[in-house]
Amino acid sequence: MRHHLILRVVTKFLVGTIMLYAFYVQFHGDFSPGGGFQAGVIMAVAFILYGVVFSLEQVQRVFPPWIVHKLAALGVLVYGVTGLYSLLTGFNYLDYTALSPHHPEHGQHYGILLVELGVGITVTGVMVAIYYAFAARNPIISDEEW
Amino acid sequence: METEILHHTRASFQDHLPVLVILVPFLAAPLMVLLGSRRLSWPIAFGASVAAFGIAILLLAKVIDGTEISYHIGGWAPPLGIEYRVDAANAFVLLLVTGIAAIVLPYARESIKTEVPVRHHTLFYALFLLCLTGLLGVVVTGDAFNVFVFLEISSLSTYVLIAQGSYRDKRALTAAYDYLIMGTIGATFFVIGLGLLYMATGTLNMADIAERIADQGGNRTVRAAFAFIVVGVGLKVAIYPLHLWLPNAYTYAPSAVTVFLAATATKVAVYVLLRFMFSIFQPAFLFEVNTLEFIILPFAVLAMFAASFIAIFQNDFKRMLAYSSIAQIGYILLGIGLLSEAGLTAAIVHLFNHGITKAALFMGVGIYVLRSGGSFLDDIQGLGRVMPLTSAAVVIGGLSLIGVPGTAGFISKWVLVQAALEKGWWPVALMIVASSLLAVIYVWRVIETLYTKPPASDVIAGEAPLSMLVPLWIMAIACVWFGLDTDLTIGASQTAAQGLLSGSAGMR
Numbered sequence: 082m083r084h085h086l087i088l089r090v091v092t093k094f095l096v097g098t099i100m101l102y103a104f105y106v107q108f109h110g111d112f113s114p115g116g117g118f119q120a121g122v123i124m125a126v127a128f129i130l131y132g133v134v135f136s137l138e139q140v141q142r143v144f145p146p147w148i149v150h151k152l153a154a155l156g157v158l159v160y161g162v163t164g165l166y167s168l169l170t171g172f173n174y175l176d177y178t179a180l181s182p183h184h185p186e187h188g189q190h191y192g193i194l195l196v197e198l199g200v201g202i203t204v205t206g207v208m209v210a211i212y213y214a215f216a217a218r219n220p221i222i223s224d225e226e227w
Numbered sequence: 224m225e226t227e228i229l230h231h232t233r234a235s236f237q238d239h240l241p242v243l244v245i246l247v248p249f250l251a252a253p254l255m256v257l258l259g260s261r262r263l264s265w266p267i268a269f270g271a272s273v274a275a276f277g278i279a280i281l282l283l284a285k286v287i288d289g290t291e292i293s294y295h296i297g298g299w300a301p302p303l304g305i306e307y308r309v310d311a312a313n314a315f316v317l318l319l320v321t322g323i324a325a326i327v328l329p330y331a332r333e334s335i336k337t338e339v340p341v342r343h344h345t346l347f348y349a350l351f352l353l354c355l356t357g358l359l360g361v362v363v364t365g366d367a368f369n370v371f372v373f374l375e376i377s378s379l380s381t382y383v384l385i386a387q388g389s390y391r392d393k394r395a396l397t398a399a400y401d402y403l404i405m406g407t408i409g410a411t412f413f414v415i416g417l418g419l420l421y422m423a424t425g426t427l428n429m430a431d432i433a434e435r436i437a438d439q440g441g442n443r444t445v446r447a448a449f450a451f452i453v454v455g456v457g458l459k460v461a462i463y464p465l466h467l468w469l470p471n472a473y474t475y476a477p478s479a480v481t482v483f484l485a486a487t488a489t490k491v492a493v494y495v496l497l498r499f500m501f502s503i504f505q506p507a508f509l510f511e512v513n514t515l516e517f518i519i520l521p522f523a524v525l526a527m528f529a530a531s532f533i534a535i536f537q538n539d540f541k542r543m544l545a546y547s548s549i550a551q552i553g554y555i556l557l558g559i560g561l562l563s564e565a566g567l568t569a570a571i572v573h574l575f576n577h578g579i580t581k582a583a584l585f586m587g588v589g590i591y592v593l594r595s596g597g598s599f600l601d602d603i604q605g606l607g608r609v610m611p612l613t614s615a616a617v618v619i620g621g622l623s624l625i626g627v628p629g630t631a632g633f634i635s636k637w638v639l640v641q642a643a644l645e646k647g648w649w650p651v652a653l654m655i656v657a658s659s660l661l662a663v664i665y666v667w668r669v670i671e672t673l674y675t676k677p678p679a680s681d682v683i684a685g686e687a688p689l690s691m692l693v694p695l696w697i698m699a700i701a702c703v704w705f706g707l708d709t710d711l712t713i714g715a716s717q718t719a720a721q722g723l724l725s726g727s728a729g730m731r
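From first to last, the protein sequence lines stand for chains U and C. Here the first sequence is numbered in this note's numbering, starting from 82 and rising by one per residue. Here the second sequence is numbered in this note's numbering, starting from 224 and rising by one per residue.
Just to be clear, a hint being listed does not mean it is correct.
Cβ-to-Cβ under 8 Å is the rule here; a few derived chain U residues that face chain C [to be verified]:
1) Val157
2) Phe172
3) Thr178
These are computed hints drawn from the structure, not numbers from a lab. Glycine included, C-beta positions come from ideal geometry on N, C-alpha and C.
So here's chain C without its partners, still in its complex pose (with noise of 0.2 Å):
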């Protein structure tokens, strides 16, 4: 055969950046494993995730005005090849993904210590990385089939973390398997939903799914594969009543895995949600309106009252946050279900507001078991005067779950109130408030207990480490920041909530 020379224009290092964002976590963890150093594995884990971070905030100042990148996996062109697709919807979930993991790495070195065994370390850290990368597939990929694999790689990886919180608690154990059950149930809902699509549109890129709904309009296939993907992403979700897997999870998994899934794995999942409902599906499909109207809006309110009520009564903190993560996907849920422009914009806040604010949290928490051994409100008592710098950082993430004004938690509040006036419904906004006051009951017996008791005599007594406290204050800070400025939160939010309403063509 004749040689045949390839025109080819070489691609820059800033073409490349929606594969580098995956790729750098994706090759650090093995290497981690084979070099097995455990003096090599944070530094490596570290910079992997900062590295990511970086491309991160490339990736977002290159979308936010609306344009959009397309990656060509093994340069074959889609929809037959794997694309990555970003635009601002998915590039302002990378950047909270990264960031979180770059500010968790740095803290969950002194954490991990007293909860994990020194002989897991390595193993723990390229987990860590994995579980990484498999979130930030999911965002990244414009394959419906790529985002199933994806999620596995991250669920997998999350199973196992969790379940190192065995050597603090032995019930990680079951915690963990009680997620692996409820997990593999939910992907495999996923993947049947999946196949739905592909029976009914013969394709898995999304744009081309999209494009091939919309001209065959809904039938009962589609329909059906609807359906089974809200189900196996609600579980992913913890949508109200697909919950039962977190609190346990939360709970009993290491501190350091706590904050990076609280703040990330479920924000992820609802990302997948909205990739799914309004990009793939559209959003003038009456089968999905009638479902966000009439089974997810429900449950939203439902999960911001009785989850709250939950955590009220719960004397762990973790646990008690844990709980108010349920209630607070709830506010998410409800901005997707108003199925507005500024219900979405408010639910995309939201996710971001409520992703720092139980980072923030739940780095306290973590401080806490560190120094006192539990989380239990006994063990905790008294510690305001003991820790002042990390209570104070609590307290402030508090403020914010509650949505003080000057905090992240009420811009996003706000924004959601605001939507739900815009469509003239008055209760849901009253709703609204009303949850927040049970976020007042239980913030408030936490501050309680934290200054208003002596501290158990023993406690050990002195701050955090330097290494835990600065990213907890990078936390409580980011909490007030996105209070005062909302430039970035609010801009980005409203121009991938424009991008997921015009429907499919947010895809193309």
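Pulled out of the complex, with its shape left as it was, chain U reads as follows (with noise of 0.2 Å):
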């Protein structure tokens, strides 16, 4: 990809872009169309571009697959831990409103945030890592291993 010129100043442009508008479908989810699972495809979205056009070496680089494996662990973490918390505190599992005991509404608000967090960094790891695999996978077996 040395050669495609603009493709490589593009791409720079877009990634930035790209992660910050994950951002806004991530937390802007519960007022209008998305939340935790279309923000983490576009999140992956910007690693994966940049790994197409500056190869694998480069984005692995800036997002090591071991971090990567950590963090789809991580999300689903948040949200079972948002759940216990609410447990814990003597409600149901995921009732949110034991965020907010007194405003449930605002219970129910903060609840959603915070699971589809976890649901955001779950997917942004499990699509990456996906990327990483078939990118980087090994060769054929040659004959004398079958």
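Work from the hints to combine the two standalone chains into their complex.
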């Protein structure tokens, strides 16, 4: 991709914008279409685009595979622990009222924001992990190995 | 807006049990991946499954007298919200699944050291817990769509767990891929069935669906839904003509995974089948009666004979047991097909007894694989003398598989024969006994190889490590224990069968 000057310049410009848009979709999710899954995919697209244009090594320097895997697990934990918090404060699992018992409506907002954040983190992790897995695929097994 | 203070009574630990049983393994799995520590992963996995086992015991103690627990996720009342519902039927399956998980994990520790590369161990245990989560979720939920979601969680982790066997034998990859395709077709059929049910009733809560089907009676959409669900779940159960994924998956998966899957995964699928057949669709639903009598029942009998017959000719002990599993599922389906309380009791008893029997046998196989490098009859010949403790436990498991009096297998076959006689179906009762004779043949082949032939020269002499022997013997003793003391198994199964047969009332 060394020769594709236009691609490289446009990508550099786009990556930041895509990430910003991902955050918009993530945190504006309760008022407009969007949410954790969409935001996670968009966020992953930023990294994948960077990887496609600048090579896998470059993107893995920015976003090493071990962090990607941890993020996938972290998101699930964020989701689960949100539920656990309401459970520990005496409400049912994932009853967001627990987050603000005196303003149940606020509680619902906080709850969905936290849970969707978890979803977003996991989806980003998983999407990038899938891209890494395919892009970094080992060569086909040699004849002797069969 | 004015501050509105909700009157809310604090829920106690006891109230949260239905969700905690899933939550503990579910949260432990990502925690393990996040910590990424090889040393901590096994203790966390073991702790989580023991905790789940404890919770399952508490749950069963609460519902054994026929009461039901309903738990509303997020505080949203059903039918709109997702509901977890525990009665005797699923508490009993929960006990089996968590119990097996808690016993398999100590066993797995040594077993996977030789079968799975070290760098995968953390992920292996995480997947194991996810699989456990999925199976528990399927059992505990009272929401039809939720069943599908949890079924997928357990299936996807199962595919990867089976593929982990590829370091011992590359064919594990094709086995896992086959299972992936078949399992996905099954899940698709299942979800198509759910879609049709949703179309017919407009709800996804099981109790609510049951109520509405009862109100509107059967129609073509409901019948189509029933057919799709039976075939979809049937693939997971490995009902006879849909069993093709099973032998390879069990044979090439790592030993510990085979133990866990054989004892739990198909059993949970049978539970789903029971739940849908008896709690959601009415047992009086004519289409269902016909399906059971003219499709499930003949195939169940066919499975009992055909699969046992194939098992006799297997030269791989592990594969032999896999085919025997298909035959044993035939007995369970036969119990369901009898469509009586006694038959259903027999099915649930056998579900449990076969679970522990197969766990014992597959654990034995895993130890042979560890010590002699393979599970072919050539590999294990003469090991009865080299490894007396392991082989004695395998023999007990084998006897239980045949159904020798004094073992768990005898109890379930006894109850099953009684149920068949109660209906006056003499030929069926005779066939149960006849197919047990086929089991005698293949179990005897193994016992003969173990004890009468000289051991192969290159065998690493010595008994299995204690961490594998103890779980094996726990299962072997359980085979005998539940053959002598039937209070728990038959008692719980009867309560469960009554609850299921009372139709949708059982879910209300």
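Status of the Thr178/U interface restraint (C-beta, 8 Å, chain C): 6 Å, holds
Hint check, Phe172/U versus chain C [nearest Cβ-Cβ separation less than 8 Å]: 6 Å, holds
Hint check: 8 Å Cβ-Cβ cutoff, Val157/U to chain C: 4 Å, holds
No hint from the list above goes unmet by this structure.
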